[in-house]
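Got chain A; can you put chain U with the ligands on it based on the hints?
Those sequence lines, one after another, are chains A and U.
Here the first sequence is numbered in full-length UniProt numbering, starting from 1 and rising by one per residue.
Here the second sequence is numbered in full-length UniProt numbering, starting from 1 and rising by one per residue.
No lab work stands behind these hints: they were computed from the structure.
Fair warning: this is a prediction, and the values are worked out from it, not measured in the lab.
For each residue, glycine too, the CB sits at the ideal point set by N, CA and C.
What you were told as hints is all true, and nothing was included just to trick you.
In silico negatives: residues of chain U with every beta carbon more than 10 Å from chain A:
| hint | residue |
| --- | --- |
| 1 | Ala93 |
| 2 | Arg120 |
| 3 | Arg127 |
| 4 | Leu136 |
| 5 | Ala162 |
Simulated restraints, written as ranges between beta carbons of each label pair:
| hint | chain 1 | residue 1 | chain 2 | residue 2 | range |
| --- | --- | --- | --- | --- | --- |
| 6 | U | Thr201 | A | Leu180 | 26 to 32 Å |
| 7 | A | Pro100 | U | Phe138 | 31 to 37 Å |
| 8 | U | Ala205 | A | Asn75 | 27 to 33 Å |
| 9 | U | Thr201 | A | Asp349 | 54 to 60 Å |
| 10 | A | Gly76 | U | Ala125 | 37 to 43 Å |
| 11 | U | Leu117 | A | Leu180 | 38 to 44 Å |
| 12 | A | His117 | U | Glu161 | 56 to 62 Å |
| 13 | A | Ala320 | U | Gln31 | 51 to 57 Å |
| 14 | A | Glu131 | U | Leu117 | 38 to 44 Å |
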Amino acid sequence: MGIVSTDLHKAGAIAVSVKDVGMVFGDVHAVRSASFDLPKGKFLTILGPSGSGKTTLLRMIAGFDNPTSGEIFINGQPVSAVPPHRRAIGMVFQKLALFPHMTAAENVAFPLKMRRHDARTIGEKVERYLELVRLGGYGGRRINELSGGQQQRVAIARALVFEPDLLLLDEPLAALDRKLREEMQLEFRRIQKELGVTTINVTHDQREALVVSDEVIVMDGGEIQQKAQPVHTYRSPANAFVANFIGVTNFIDGKVSAISGSTVSVESNGQLLSGVTAADGAPLVPGTACSGAVRAEQIRIASARAGLEGLETIVEGQVADSIFEGERIVYEVTVPVLGGAILRVFNHDPVSHLQFGPGENVRLGWNAKDMHVFKK
Amino acid sequence: MRHSRVAYPLTWRVMDVFERLAAAVWPSSFQRGLPYLMLLPAVVLVGLLVLGLIQIGDSSLRTLDTSTFMMSENYTLANYQRALSEKFFATVAGRSLMGAVIVTVITLIFAFPYAYLMVRTPSSALRKFLLVALFLPFFIGQVVRAYGWLIILGNQGMVNEALGLVGVPPMRLLYNYPAVLFGLVQYMLPFAVLMLAPALTAIPAELESAASSLGAGWVRTFRHIVLPLARPGLVGAGLVVVTLSLTDFAIPAILGGGSQDFIANAIYDQFFRTSDQGLGATLSLLLVAVGSILVGVVFMLFGAGTLAMGDERK
Ligand SMILES: Nc1ncnc2c1ncn2[C@@H]1O[C@H](COP(=O)(O)OP(=O)(O)O)[C@@H](O)[C@H]1O
Ligand SMILES: [Mg+2]
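So here's chain A without its partners, still in its complex pose (with noise of 0.2 Å):
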């Protein structure tokens, strides 16, 4: 443990501290030495495809498992002897676990009541949280006669309710419809800026990632592939991986030819690209087996003999397909100089609006800065 990390520890400024934790069911390595600090009151997003082992690291956070390898730090303390009911921690879980026997009111009311609060201020406080998550007046109504949305905010109101030091979210939204999801996910961030509590949200949804959070934990096979500010993750992906799942990338696949500072060139079909280093990625050297990743946003599309000066990367390329998405429109363009690979591009200006079909000849470009080499 650094000197500057022990410091914030006894300041108390780190909410939870997970070491090395690794958990392994038979010969599945759900988890493999997961490591990371987060801030108090700050908003983590893991963020990862399904079998990644974002429940199996939440579930020991919360203590439902014990990793079989690490240390959880709560607060500064050493938690895996503490079971979960001792644990301050306010969890929505994937299906929700709303007790169906009970109202709205009784299941927020539940937490309070395990946690022997004076009788006379539950009601009251009840009434607070439902009122925060815009629920005021539906405290008496069953769990069945609410909406997936309202069941959605008793859940939440019933994890916070008894002000817990650190409030988890295990996909909680990944059954709602793409409207209500997203407004929900303005709601968490809202709730969560309004209490101030450290929160970590688990989900497969990169959009969401994205919206939320103040960090986000890009997870794969159980292994954190990035940590970083969303901003970050999004220019600067550490890996192949990161690059590849969130945003549309294309790869082009090669050899480092040679380096100079972050400045590489990359030699693809016997094309030379010039593209920078990952700033968190593995170090290259010349010869290395690589890919270069563009996001389909940073590729201009122009016609065959458009300049698009300021470029410095400028391939020919034949429309192969436009596909219409309302705000943009998706091009797939095959580059024979490039060993016939097809590019995505996206292009989000209203004027050039179908300006190519298929089969015509067009040119794409895009910035050095903008290609990330990644070894393969």
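Using the frame of chain A, we list chain U with the ligands on its own:
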């Protein structure tokens, strides 16, 4: 030729022939009647039962002439008067009812942890073991099992021999009330577990995790979450156990040795020992009435919905 055989296998063609035959015998215009037709066997069976009840009702209103051994021609309530006033029948009824209640309570207490462990254990080997252990007694049958207890609990039985080894003189473990209750509990346990297991499966394990993260230890999780949600299963299992124990014949007969008769034993005696069909029929009807009232009261208290039948909402 072979090619088309592959594309259209023989089994399909056989099925086609069957379908055409079925369509000829049973045109699709009859289809709407099918569900009712399928109800028919059940309706016939229940109908026979009702006919039997009417027959029994008729017998219960006639008395036995002990000199001629003929049933009286005229209807009379004399049998009911006897059944309700004679002390012997009150004793038997009281013994059966109390026994049924005690057996039900003990059985549910034993069955609940068994069913819970069977449903919740992460080890599939343990789950299979518990299931097999549950079903094994079914293959043995009630009477054989009761005789098994005679061998184990008899004066020269295994238990008394073991007690003898540590110097305890032989005890009379059989032919008393506790022996009958013990045999009944052992007989009822699998029924109760089988009725409880689905009810417990229907409670998501996540609810228990949620309760613990909200501050409830396992005792309070059990009291406030598991027990209320398991109520339909408990009521259902309780009803089955109480009615089966109340009407049981073999266990009181074998383990009670004639001194611990339940209602069914008294009915048997009337029909096959004293040949008083009238009194036997009366006792049978009274037993049906008591059982029905019991079930009715439970339904009124908990609602038929608690048996997971019909809609959740009241
Ligand atoms: N109780 C368990 N027993 C065995 N394997 C498990 C258990 N829980 C999770 N796993 C395995 O661990 C891996 C990670 O699962 P999980 O944490 O649920 O992923 P996620 O929540 O990211 O979808 C998966 O391969 C899963 O099959
Ligand atoms: Mg999960």
